[in-house]
Each structure stands twice: as structure tokens, then as C-alpha cells.
Amino acid sequence: MTLEAGDIRRYGDELFDALVARRAVAPLTERVADITIEDAYAIQLRMNQRRIGAGDRVVGKKIGVTSKAVQNMLKVYQPDFGQLLSSMVCSEGEAIDTDRLIAPRAEAEVAFILKRDLNGPGITAADVLRATDYVLPCFEIVDSRIQDWKIKIQDTVADNASCGVFVLGGTPRSLRGLDLAVAGMVVEKNGEIVSTAAGAAVQGSPVNSVVWLANTLGALGIPFKAGEVILSGSQSPLMPVTAGDSFHCSVGGLGSCSVRFA
Amino acid sequence: MTLDEKTIQQLAAHLEDAEREARAVAKITDAHPHLDWDDAYAIQASIRARKEARGSRVVGLKAGLTSRAKMKQMGVETPCFGLLFDYMSAANGSEIRMAELIHPKVEAEIAFVLKQPLRGPGCHVGAVLAATDFVVAAVEIIDSRYENFRFDLASVIADNTSASRFVVGDVAADVEGLDLRTLGLVMEKNGEIVAMAAGAAVLGHPATAVAELANHLARRGQEIPAGTYVMSGGATEAIPVAAGDAIHVRFQNLGSTSMRFV
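Taken in sequence, the protein lines are chains G and X.
The opening residue of the first sequence carries number 0 in numbering that gives the first Met the number 0; numbering runs sequentially from there.
The opening residue of the second sequence carries number 0 in numbering that gives the first Met the number 0; numbering runs sequentially from there.
Treat the hints with care, since some could be wrong.
[To be verified] In silico lysine-lysine, PhoX-like type, Cα no more than 20 Å apart, as pairs:
# : chain 1 : residue 1 : chain 2 : residue 2
1 : X       : 69        : G       : 188
2 : G       : 114       : G       : 224
3 : X       : 71        : G       : 188
4 : G       : 67        : G       : 151
5 : G       : 67        : X       : 114
6 : X       : 69        : X       : 104
7 : G       : 151       : G       : 74
8 : X       : 188       : X       : 104
9 : G       : 188       : G       : 74
[Unchecked claim] A short list of chain X residues far from chain G (calculated; beta carbon distances all over 10 Å):
#  : residue
10 : 21
11 : 56
12 : 85
13 : 114
14 : 116
15 : 121
16 : 132
17 : 142
18 : 175
19 : 182
20 : 243
21 : 250
It is worth saying that the hints were derived from the structure and are not from the lab.
Ideal Cβ positions, reconstructed from N, Cα and C, are used throughout, including at glycine.
If we strip away everything but chain G, and leave its shape as in the complex, we get:
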């Protein structure tokens, strides 16, 4: 930690205000040269405390920076995480108002829903398989409260891992007999296929991504509870979104998820 408690609070409040006002702020890394990732998580915590104080509730976690492409871009070779809050939940079929967001981009992912607590450290893939109630295809709509997405890793971590809103698909599937690493993902934007990939795009498997999260949260003393939703990381490129766009993803053995914007 290089920042004092007062600075942490101030930057957390600034990002909370930016979120509420839908007005982006200058990158923190341009203002605090030696800001650490630890500082950034402390700022994230403050920002989310403000949201909870305003009536929001934690419903899960998102894992970001899971693909090689994004890791190379940010020059960080591990994922990050943010909190999912009840106000981020959108329904499939509902038109998401782009005015709610600043600079939204869509990512297609697989979501896990836990049936048991995962108390790291020491969590293995076997524990995650056992603790998973079901998985669903989903879209995460990321958004940045940092101007023009000019983010370094500390900026995105402080900004709750750039989480915007998310949409879950409708068909729950058990992980039994399903190898998520080889499950193919097809993403369409306005009816045109824009990318295909497989679960291995996320840390070799979305399961590995959740293992990382459980152990990281455990080390930080953050609870990871039964019933939480975990967005395991993008299997598509970041796709810019404008009003009128619709996206569809389908995952082999898992079903599909749609999202549209107005």
C-alpha cells in the first residue's frame, strides 16, 4: 500500500460519484504514479461500500483479465476480480438502456452458481466442481468509469474490474459430464458471427478461473458464499455496444444467452 486511508476513501468516492453521474474520470494511474494493485482493491472496496450503503447488495463476483490477449495488453499475468451487485442484474429479453452506462462493451462468458461456500486458500478444481450448483451462458456488459477505457490494471481493479451490468442465460446445466475447457462458444452481433472460441480461452478452463478466485478471496478474507454468481471471464473479444445492437452467444452443451440494447 502506498496510499493513505484518506486517499483510498477519496478515490473510492470519486469512482462512486462517476458511476452515479455516468461521467468518466481521469485514470488514477496518471495521478498517482506509484499506486499498487493492493491500493486499487482498497479503492474498489470503498466504491462498493458506497453502493451497498445506497441500498445495493453483493450477489456474486466477476473475474477479469483472464485471456492471454488482455493479459498481454495490460502486461499482467493473472486475473482480477470485482463484486457483482444486485443493481447490475438484467434479464434476458429486456432492452438495456445504453444511457445507463458510459462506454459499454459486451463479453460472452460462462457463469457459475455455487451451492456451497468456497473457503480458500487450498481450493482445487475438484472443490470447485463439487461446489458448483450449475453453469449458464451469460453476457457481461463491462463499462469503465475511467475516461476512454485508458486503463492500467490498477485503474480497472479500483473501478470494480470495469463491471457494468450482466445477463444470465436461462438453462442451468450441471458440470457433470461437461468439459468446459472444450465447450465451444459462438458469438453473434446483430446476426453475424463475430467470434468463435472455447472455454480454454479463460485460464485454460473457466474452472481454473474460479479456483483462482476462491484462493485469492480466501487470502484476502473476503467471503465466497453458496448462491453467489461468478462470471468466469470473457471468451470473446470486447465488443463495443451501441443502442439497437443485439448479441447472442451459444455454448456447446450449455445453451445460449441473448442481450439487446436500446
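Knowing the structure of chain G, use the given hints to seat chain X on it.
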């Protein structure tokens, strides 16, 4: 057709000698800029005649340039097609000798084995699925006979669509209940993930490539005979390989294929 029979035979000998001697040559459209598709397929047919005269046999058909990205890049609307010969088949798990090749690349794809003949025009995905005995995992080793893999569409068709070697997987799967569109493929080189895709990367559905092959042959008064092995085209990008490289590809529901280059 822009070329006379003698030129077609000369170009076929030129390209086939390049293949047999494992050396790269300039693309033939440099010397014959007006060479069209019909010329190109005539050269391919002449290569076939040369190989058959030497005792080789056609053991399958292949589609090439099947990804939308590649087709856009080449400015074409339909894929191109080539011939698989007996000596090109390498067993799953086998060693492939680099000395026999020029600058090989590997791509993972889904192969079809037909139980009924397919005849165009108007052949579509449904007809292909109805005529399919089983699908199987496949890896194609492409090896353009052109310097630096630089070619245009007519040149690559004349060069038998860069066909060089192929490896067939061990799991024959019924198409019934199998979603080939979302079927995931994950390619590893020396243990590291280097490419991923879902079946939809090939023309939206790999069976489309087989249907287009049937329609292509129909224009020449031919059909795809029952029993034919058809490779539907690379779903992943083509990955260069060198001596010492090991390739392993995992396919959703279709097992895996591997090979080593020595």
C-alpha cells in the same frame, strides 16, 4: 479457361515436382496473371492424373479457405476444394517428417464420412447431415508450395489447396444430437494453447462446406460418392510448426488428435 492443355500439364508438373522435392516456387499467377478458376481446377485434375499414374489414390476431399475472415481477405464468396491422397494420411499420434515438407502449418477441423452420395445443386446442411455416416476429429497439415504462403485463390486451387498431410481422430460420432456449430476445438503446441474455435468458424456450420463441395461438383456433373471422407476446412487459424513440435488438439465430444514433427 485461358490456358491450353500443354500449359496446364506443365504447370501441374511444376507444382507437383515442387511438392515431391519439398521446395517452394513462385506463385503461378505471376507468370500467368489471367489464369482463372477453371484453369486452376484443370491443373489440380492434371496433378491428380500424375499421382494416379504413379500409383497414388484419392482417399478423400477437402474444403479450403472456409472461414469468413479468410474469404473476406481473399475477396471470395465460396470456399475452394482439393484432393486428399493416400500418402497424405498420418496415423493419430504419429511422427511427421519435416524433411518431406516445405513450411507446414496445422489447422484443426471436423471431418465427415458419408453413407450416401451427395449431389448438388441445392445441397444444404440438412442433406449433408442426413447423408453423414459419422463425423470425426481431424487435423490438416497444409503446406503451400508457394514461397512464404503467398498466393491468390487461383494459385492455391492449382496447388491442390495446399493439401499435404492429415491426421484422423479415433472417435466416430453420430451427428444426431451433436451440435457441430458450437462444438469446441482447442489446439495446443508443446503444451501451450495456441488456437481455439467452435465449429461455426467454418461458414457458420461445418456441414455448409460439405454442401458447397457437392454444389461445386454438380457444376462439373459430379457428386460426392457414398463412403467419402471429407474435411470441412480449418476451424482454427493455421499454426506454423517446426521439427521438435508436438501438436495436440482436443475436440468437444470427439476426443483428441496428436502428432509430432520430426
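We went through each hint and held it up to the structure:
Distance restraint check for residue 69 (chain X) and residue 188 (chain G): the Cα-Cα separation of roughly 19 Å lies within the 20 Å cut-off, and the hinted pair is therefore satisfied. Note on residue 114 (chain G) and residue 224 (chain G): the hinted pairing holds, with a Cα-Cα distance of about 8 Å set against a maximum of 20 Å. Pair hint residue 71 (chain X) plus residue 188 (chain G) holds up; C-alpha atoms about 17 Å apart against a cutoff of 20 Å. Taking the CA atoms of residue 67 (chain G) and residue 151 (chain G), the gap is about 16 Å. The hint holds against a cut of 20 Å.
Proposed proximity of residue 67 (chain G) and residue 114 (chain X) is contradicted: the alpha carbons are some 42 Å apart, above 20 Å. Taken as a hint, the residue 69 (chain X) and residue 104 (chain X) pair is honoured in the structure, with Cα atoms around 15 Å apart against an allowance of 20 Å. At roughly 9 Å between alpha-carbon atoms, residue 151 (chain G) and residue 74 (chain G) fall within 20 Å of each other, so this suggested pair holds. Of the supplied pair hints, the one linking residue 188 (chain X) and residue 104 (chain X) holds, its CA atoms being roughly 11 Å apart against a limit of 20 Å.
This hinted pair does not check out: residue 188 (chain G) and residue 74 (chain G) have alpha carbons roughly 29 Å apart, beyond 20 Å. No beta-carbon of chain G comes within 10 Å of the beta-carbon of residue 21 (chain X); the shortest separation is about 33 Å. Consistency note on residue 56 (chain X): stated as away from chain G, and its beta-carbon is indeed over 10 Å from all of that chain's, at 34 Å minimum. No beta-carbon of chain G is positioned within 10 Å of the beta-carbon of residue 85 (chain X); the least distance is around 31 Å.
The claim that residue 114 (chain X) is not at the interface with chain G holds, since no C-beta of that chain comes within 10 Å of its own (minimum 24 Å). At the 10 Å boundary, the C-beta of residue 116 (chain X) stays outside the reach of chain G, the nearest C-beta of that chain being 29 Å off. At roughly 23 Å, the least C-beta separation between residue 121 (chain X) and chain G is larger than 10 Å, which holds for a residue marked as non-interface. At roughly 22 Å from the closest C-beta of chain G, the C-beta of residue 132 (chain X) stays outside 10 Å, upholding its exclusion from the interface.
Under the 10 Å C-beta cut-off, the non-interface status given to residue 142 (chain X) relative to chain G holds; the minimum distance is some 25 Å. At roughly 15 Å from the closest C-beta of chain G, the C-beta of residue 175 (chain X) stays outside 10 Å, upholding its exclusion from the interface. Not every Cβ of chain G is farther than 10 Å from the Cβ of residue 182 (chain X); the closest lies at roughly 5 Å, contradicting the non-interface assignment. Against the 10 Å criterion, residue 243 (chain X) stays outside the reach of chain G, whose nearest CB is about 23 Å from its own CB.
The Cβ of residue 250 (chain X) sits about 7 Å from the closest Cβ of chain G, inside the 10 Å cut-off, so the non-interface label is violated.
The structure fails hints 5, 9, 19, 21 (numbered hints given earlier, in ascending order).
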